[in-house]
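Protein chains in written order, with our numbering: chain A, 52 to 377; chain B, 52 to 377; chain C, 52 to 377; chain D, 52 to 377; chain E, 52 to 377; chain F, 52 to 377.
Certain hints may be false.
Said to hold, decoys possible - Below, simulated DSS-like cross-link-like pairs (lysine-lysine); rule was C-alpha separation at most 30 Å, straight line:
#1 B:K203 <-> B:K58
#2 F:K203 <-> B:K333
#3 B:K333 <-> A:K333
#4 E:K333 <-> A:K203
#5 E:K203 <-> C:K333
#6 A:K58 <-> A:K120
#7 C:K333 <-> D:K333
#8 D:K203 <-> D:K333
#9 E:K73 <-> E:K203
#10 E:K333 <-> F:K333
#11 E:K141 <-> E:K58
#12 D:K333 <-> B:K203
#13 A:K333 <-> A:K203
#14 F:K333 <-> D:K203
#15 C:K203 <-> A:K333
Note that these hints are calculated values from the structure, not bench results. None of the values given here were measured: they were computed from a predicted structure.
There are 6 protein chains.
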Amino acid sequence: MDKVLVKDLVEGEAVTSFFLAKQVQVRQRRTGESFLSLVLADRTGEVAAVMWEGVEGVGRDLAEGDILKVQGLVGTYQGERQLTVARLRKATADEVALEDFLPRSPLDPSVLLGRLQAVIDGMQEPFLRRVLRSLFEDEAFLATFTTAPAAKAIHHAVLGGLLEHTASVVGLCELLAGYYPALDRDMLLAAAVLHDVGKIREIAWDRTFDYTDAGRLLGHITLGALLVEERIQSIPDFPDALKERLLHCILSHHGELEWGSPKRPKTLEALVLHYAEDLDGKVNAFLHFAETHPDPQRPGWTQYNRSLDRYLYFGRVERADPAPDA
Amino acid sequence: MDKVLVKDLVEGEAVTSFFLAKQVQVRQRRTGESFLSLVLADRTGEVAAVMWEGVEGVGRDLAEGDILKVQGLVGTYQGERQLTVARLRKATADEVALEDFLPRSPLDPSVLLGRLQAVIDGMQEPFLRRVLRSLFEDEAFLATFTTAPAAKAIHHAVLGGLLEHTASVVGLCELLAGYYPALDRDMLLAAAVLHDVGKIREIAWDRTFDYTDAGRLLGHITLGALLVEERIQSIPDFPDALKERLLHCILSHHGELEWGSPKRPKTLEALVLHYAEDLDGKVNAFLHFAETHPDPQRPGWTQYNRSLDRYLYFGRVERADPAPDA
Amino acid sequence: MDKVLVKDLVEGEAVTSFFLAKQVQVRQRRTGESFLSLVLADRTGEVAAVMWEGVEGVGRDLAEGDILKVQGLVGTYQGERQLTVARLRKATADEVALEDFLPRSPLDPSVLLGRLQAVIDGMQEPFLRRVLRSLFEDEAFLATFTTAPAAKAIHHAVLGGLLEHTASVVGLCELLAGYYPALDRDMLLAAAVLHDVGKIREIAWDRTFDYTDAGRLLGHITLGALLVEERIQSIPDFPDALKERLLHCILSHHGELEWGSPKRPKTLEALVLHYAEDLDGKVNAFLHFAETHPDPQRPGWTQYNRSLDRYLYFGRVERADPAPDA
Amino acid sequence: MDKVLVKDLVEGEAVTSFFLAKQVQVRQRRTGESFLSLVLADRTGEVAAVMWEGVEGVGRDLAEGDILKVQGLVGTYQGERQLTVARLRKATADEVALEDFLPRSPLDPSVLLGRLQAVIDGMQEPFLRRVLRSLFEDEAFLATFTTAPAAKAIHHAVLGGLLEHTASVVGLCELLAGYYPALDRDMLLAAAVLHDVGKIREIAWDRTFDYTDAGRLLGHITLGALLVEERIQSIPDFPDALKERLLHCILSHHGELEWGSPKRPKTLEALVLHYAEDLDGKVNAFLHFAETHPDPQRPGWTQYNRSLDRYLYFGRVERADPAPDA
Amino acid sequence: MDKVLVKDLVEGEAVTSFFLAKQVQVRQRRTGESFLSLVLADRTGEVAAVMWEGVEGVGRDLAEGDILKVQGLVGTYQGERQLTVARLRKATADEVALEDFLPRSPLDPSVLLGRLQAVIDGMQEPFLRRVLRSLFEDEAFLATFTTAPAAKAIHHAVLGGLLEHTASVVGLCELLAGYYPALDRDMLLAAAVLHDVGKIREIAWDRTFDYTDAGRLLGHITLGALLVEERIQSIPDFPDALKERLLHCILSHHGELEWGSPKRPKTLEALVLHYAEDLDGKVNAFLHFAETHPDPQRPGWTQYNRSLDRYLYFGRVERADPAPDA
Amino acid sequence: MDKVLVKDLVEGEAVTSFFLAKQVQVRQRRTGESFLSLVLADRTGEVAAVMWEGVEGVGRDLAEGDILKVQGLVGTYQGERQLTVARLRKATADEVALEDFLPRSPLDPSVLLGRLQAVIDGMQEPFLRRVLRSLFEDEAFLATFTTAPAAKAIHHAVLGGLLEHTASVVGLCELLAGYYPALDRDMLLAAAVLHDVGKIREIAWDRTFDYTDAGRLLGHITLGALLVEERIQSIPDFPDALKERLLHCILSHHGELEWGSPKRPKTLEALVLHYAEDLDGKVNAFLHFAETHPDPQRPGWTQYNRSLDRYLYFGRVERADPAPDA
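Working from the sequences, and respecting the hints, build out all of it.
So this is what it looks like as structure tokens:
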């Protein structure tokens, strides 16, 4: 059965398809009868849903994160689309494909991966190149690394978000390595490729995005250091000094202790990686927020941004007529 | 008379030349007689000096910042060169050239200025181009801007330091404007050129580097905003919205209130300018410190860096034999 | 048509008058029909309103900040007055006077202005007196300055709030100038008069109170410095040192960098102005909060004050019988 | 024997008088012989002293804080006066008067005390007046209160400093009570009189100024609250609510927890007292620093002020010719 | 009449009993009629209640904290029990016992008190033992101390909470006094017994738990110091040094100024008491939160803990089969 | 040749023995001749030394950390012992034993180790016991662990300091595990044993104590996690959940991000370990400081303690005569 996408639901039409249950609540009407209030989702968005009848049979069994087969009618409530559900049941594992339900980065992973591979191939330092190849030629690692989100929520909570973020930071580091010749290019780029690799063990993305126990207890910085250390142990004669500098970049990439780095940057590469990652994250967060939270009443301005604690201005000044300078 | 440079003073030789008095102290010997303890300087460095005889006639008249004609003999004291002065007098204004006494950036100002001019010429936005041209075609401004230091002390306390710093930040912003297409290139580059322009009124460099009263009371951020506002007022029809965004970049380039910016960045250009300026400053400070403060007992490490509150590691790992990857 | 004031609406009566729409929402009933939920306001307060019929024709056109002609009936909902609207339309510009809709300071502006004028006239320093007169004899400036609010929200969000706040701070500074003879009285009072003048460009008050773009991007401290600098430039021979000290007071009146001042007070007048402004603001905020937020369950105490992060006690201890001291 | 004052010591003259030993060090000459290096002081200042001969007999017995009878000759060392001591011995208690050795406030204590008495007499609230009278009619309290310093070091480390500081804060609070009619005048003034009374138990001033054990362990805020509570207990029927508000002012007068107040101000009187005390202290510290630490190289500016973390500007702009305004 | 406990209310049954009114709201139905919305409570929990009829007669008289005699029927609303009230009136003082309505610590106060008495009896230092006995043999004090809660809300807001908390901290301090022989055991234990004694004047618990005026204005740290000082004054010859050290422990037990201590710990006993109190509080808060706020969706984890700003993990790893070590 | 200890050097005697050079400076006399200024040390203390003759031959070769064979005469300079060196040369490796030159903990390592072994043997959890045994039965690990210092400087900069600190924290955790039954005893004790194990790779102690490169770049928290992870990998079937909780305790034992922990405690064991380590460190630092820095002028008080930012009081109140309680 073809998946009907949330973004394609049209008011007034009937629908039968699979959706992810992001919220599940059994509630009471004034009359005392139970009804089911749901938020259904797939990779294209979310829609509210209610089920008025037959709730007793199904309600208690449902949990957030379940994928459901739903039959119902698309209506409206308070100006928003709302699905009135007639019947539903849990889907079986073989009926659905995970990719239909989680949002995915719009960028082509093979292109991004190709860029990282080219960066790795261009490295002169043999041990750094080797540890990176040991990962990027490992199918299991690649499958995980190219699918992982970069965050539980906020901007990069999309499949492929980690790859997208990594490629963006690596690209910026390439520019910086060109601008500051004192930088050890191979060290900087290796660290950029690996800086967030611990996220593949920090975040789970089987149905929704959430932290793993290891993520909560150890965090992606330590998980990344452990993962890289493990790989390095499999490479004979990997120089200790090289390992320490590489791990130092991973540990210190948040820049300050209070931001979760157990060490602050002490090498030029660690310093630059921290700035590159921070700047790239800030630019992308700015653009994403401007796109998703414009202030409807005030052109050019966003709504209040809590994480930056300010309003943002994204308006462009109309290009003036070239006359004045003539 | 040719200037004898501090760096060329040789132990055991006599010298007669002009030097800047950076410190002047009249002190007493156990016997009760006065002597003069000086630090003499020029653009190449500093040397300690003492004058044992004839102090009464000259000592009380001298002040720090005076340029002196000195006749004496180069000796050693506690392992350092020391000049024993036989005679000295204040120089007259026509005997000396300021440039001999203050250090100068090793980079060619005309090359740096050429780069800024090219950036200005490449702007599409006519009003931004025009306000920049009004400054960069003004000989008085140019003379000041190309000579000004970028700081009272620390790294850029050299003639031409402001130009060097500005060109470095502008160059980095050009790269970033290429990497992030959402940036308004002209706004970012105009702001980068002007971000520290208030320093020409904040710092004085007639004989040594020091803050002006205006610098201490108003600071270069406000002085820069006032200077740019002044120029803009002379350009008819300069759009208010453009002016506000440009001044916002200048005001917010320190990034946070507690670092002296009265506003935090709210536009993408202001955000990126702040990062570019901060990163460029940190990289140059790192390299300068590594060059000037290596730990003599520990190869690859610097002495303790107070402003960063840590030791820095600048050593390179020896490139390994390429074998392991083969 | 005479304006019917919000404070005079009586339950059970019909009303036809003009009101400012502070909130506008089109909502759905269970039955699917739209209704309009409004908050109507004028200078005397706010009242909730609903319009059940005929919404389609008007709802989509309304925006917050519109002034509406409304015909309806005053009722009650959940213990509060509520206007049930039968008909409404937007007012035309010539039907209404702005002053009816925005709250105004209860103090007489001409009295307050008279006090400031007397302070200005009493100044000995000719240049400070002259720059102040150039503003306070300028009708356009006066019209704006006497109408401007002192804040977007909180206490002084009333027409005339800036004048009221300025006069209060100036009055306190007069006392302090008398108490501390070391103070430069003219400098302190000039700075007190001008310290918040940038607010006339920071806040807009055409229909509601909000920050202007210039206010958000530059802030009233910098806007004030620019405004004063502009005036000073029109006065020949205004001494630079005097200008720098005056602007310094404006820049530093928030006291600390993290409170938005790009410089902290370095002169005695700047220091005292900062304290006077802070104290006066705190006293007025305390009194206003005690008046508007008493804890109904606990005599003498206010509700929790978020900005001060504490409960306030405004109760008076009953004067004891004078006996014990006799 | 008349006391010879430190400020009156003349180079080249012999002296025999009593001085307080502020520093005592037994040191060795290159030759191995011991000599005594001293700092001698009285209420007018300090002078360095050395004793070359006969040290063995006296050196080990001396301690800082001893008052010594000294016979010697005034000379110079490194541009400063220095006393070369021929003989010395410890003074006996009956030979000296403490007031000769500790600096004293230049203001007349009876005048200051008169002002406080007038404030107390002017109070309407009988219990507050009574608790203050119980202290200010108690000779033992008065003797201590009028002699106590206001600080161990810094500005008010002079006999009578507490009275001077208290009178200054009370005077300012009188002004403020007049300016803000909402203030409970009696409460504010009673709290102002008592706010630092705990200092009489916090600081010892028998020979030098130092904290007592109680001062270090409990601090003047708690000691003051205990002292006032004690007095209140001796007044029958003192209302609890009055006592709590009075003690609250004492506890909260430092304004914030991190400045040592266990409670932040919650009443208007506590708030105003905190500001008055802070402002008065800052103004006096500014003036004192400007007087004692001018920058000799930069007219109008002080040396760097560590506690405020900035340079201060105390220069006056020359009054301009009144012409421009004519 | 026997009290019917909230925890024993059964859906569908009628009930007539006394309950504490924790919330009282008079609300309107769409139809305009008033109804009463209540939260009723006793020591075993809370239950929502509504009264549809006859509200006019009773509603305006009720206040939060009243104890009511209620007759009604237990039903359900939104999955929770709800009492529909037919009649209610205020209880008279002689109808109810306070203990029925406030939660009480499950631990036996006589056992806890016995432990404290044993600690006091075991003290060698006669004055410390004596001041403690003067309190713990005072029936009025004991009645209050054994009933007082330890906090207004959070964990220990139960009758007897102060005794429970004190006994727990004292027990931990006994262990620590054994582990660190340098500790003055008697001082540590006396301070532990008394550290929070000021809470008997800081919190009121007549019907609900709330701060007293003295609590808000002075706080339990100062109130405790005043209370202990008072007792000490009644003991002849109590050594000052002993008193200062004991009061110091009470004042400094929050550890840092910003946590409300006017002095930070300067003695070993004060330091250890602070840690013991902090650790014991954190452990009990952890356990209480794990018990009351498990995350229903994630075994072993709690919901988000705001005061600690993190999720907590309380799961136990299943004990592995002992084989691997064999 | 028997080692002559620094503590046994007697003024006036000749000495020939080995010493560690902690400081080496070549300085000039007024006359221009070089001399050598040294600080010599062994495990019992330090002594200043000078060498006036024959410096040219040896001075340039010496480095801090060298062990020297010295022949000279013990004299005095400025009241301190000073060694005047006649001849010196570097020692060869076989002439000296490292233990003579570095201070050592006075506690018997075999006793401390025995306690840790008993704790390990008493564990019920087989995997935790096994990973600990794998370390504590590894001779290489034991040799390092029992010799390592616990800090580069401050208190535990002694050989065996890590073992001493670990045993003290483990002992305290045993007590706490008894007091709080909810604690997982085995987890807490395993974490206590391992919490600082990374210090064996963070600090070097071949001749003096200093951080390794790995220590500076990665820190003992990450090094400890890597070391423990390595061991765990060698144990088949070690449960992931157990590993994560154990590593979490190591990572979070500094308690807060800003103190270098990349995660804050989320389990009860991690929380308690953090407190136990912090308290034990503070108590030992207090006692050590009181012993080494008493204020000679003020009995019972220490000198100013910079790391705690206060004076400490270690005096005991004289036990009063038991009479008052009788």
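How the hints compare with the structure:
Between K203 of chain B and K58 of chain B, the direct Cα distance comes to roughly 22 Å. Compliance with the 30 Å bound is thereby established for this hinted pair. The straight-line distance between the Cα atoms of K203 of chain F and K333 of chain B is roughly 29 Å, inside the 30 Å bound, and the hint therefore holds. This hinted pair checks out: K333 of chain B and K333 of chain A have alpha carbons roughly 19 Å apart, not beyond 30 Å. With a C-alpha separation of about 29 Å, the suggested pair K333 of chain E and K203 of chain A falls inside the 30 Å cut-off, and the hint holds.
With a C-alpha separation of about 29 Å, the suggested pairing of K203 of chain E with K333 of chain C holds against the 30 Å cut-off. Between K58 of chain A and K120 of chain A the CA atoms are separated by roughly 17 Å; this keeps the pair inside 30 Å, and the hint holds. With a C-alpha separation of about 19 Å, the suggested pairing of K333 of chain C with K333 of chain D holds against the 30 Å cut-off. Simply put, K203 of chain D and K333 of chain D have alpha-carbon atoms about 17 Å apart, close enough for the 30 Å limit, and the pair holds.
With a C-alpha separation of about 14 Å, the suggested pairing of K73 of chain E with K203 of chain E holds against the 30 Å cut-off. Restraint check for K333 of chain E and K333 of chain F: satisfied, since their Cα atoms lie roughly 19 Å apart, inside the 30 Å limit. This hinted pair checks out: K141 of chain E and K58 of chain E have alpha carbons roughly 22 Å apart, not beyond 30 Å. Distance hint between K333 of chain D and K203 of chain B is fulfilled; the C-alpha atoms sit about 29 Å from each other, no more than 30 Å.
Proposed proximity of K333 of chain A and K203 of chain A is supported: the alpha carbons are some 17 Å apart, at most 30 Å. Under the criterion of a C-alpha separation no larger than 30 Å, the hint pairing K333 of chain F with K203 of chain D is consistent with the structure, at around 29 Å. Only pairs whose Cα atoms come within 30 Å are accepted, and K203 of chain C paired with K333 of chain A is accepted, the gap being roughly 29 Å.
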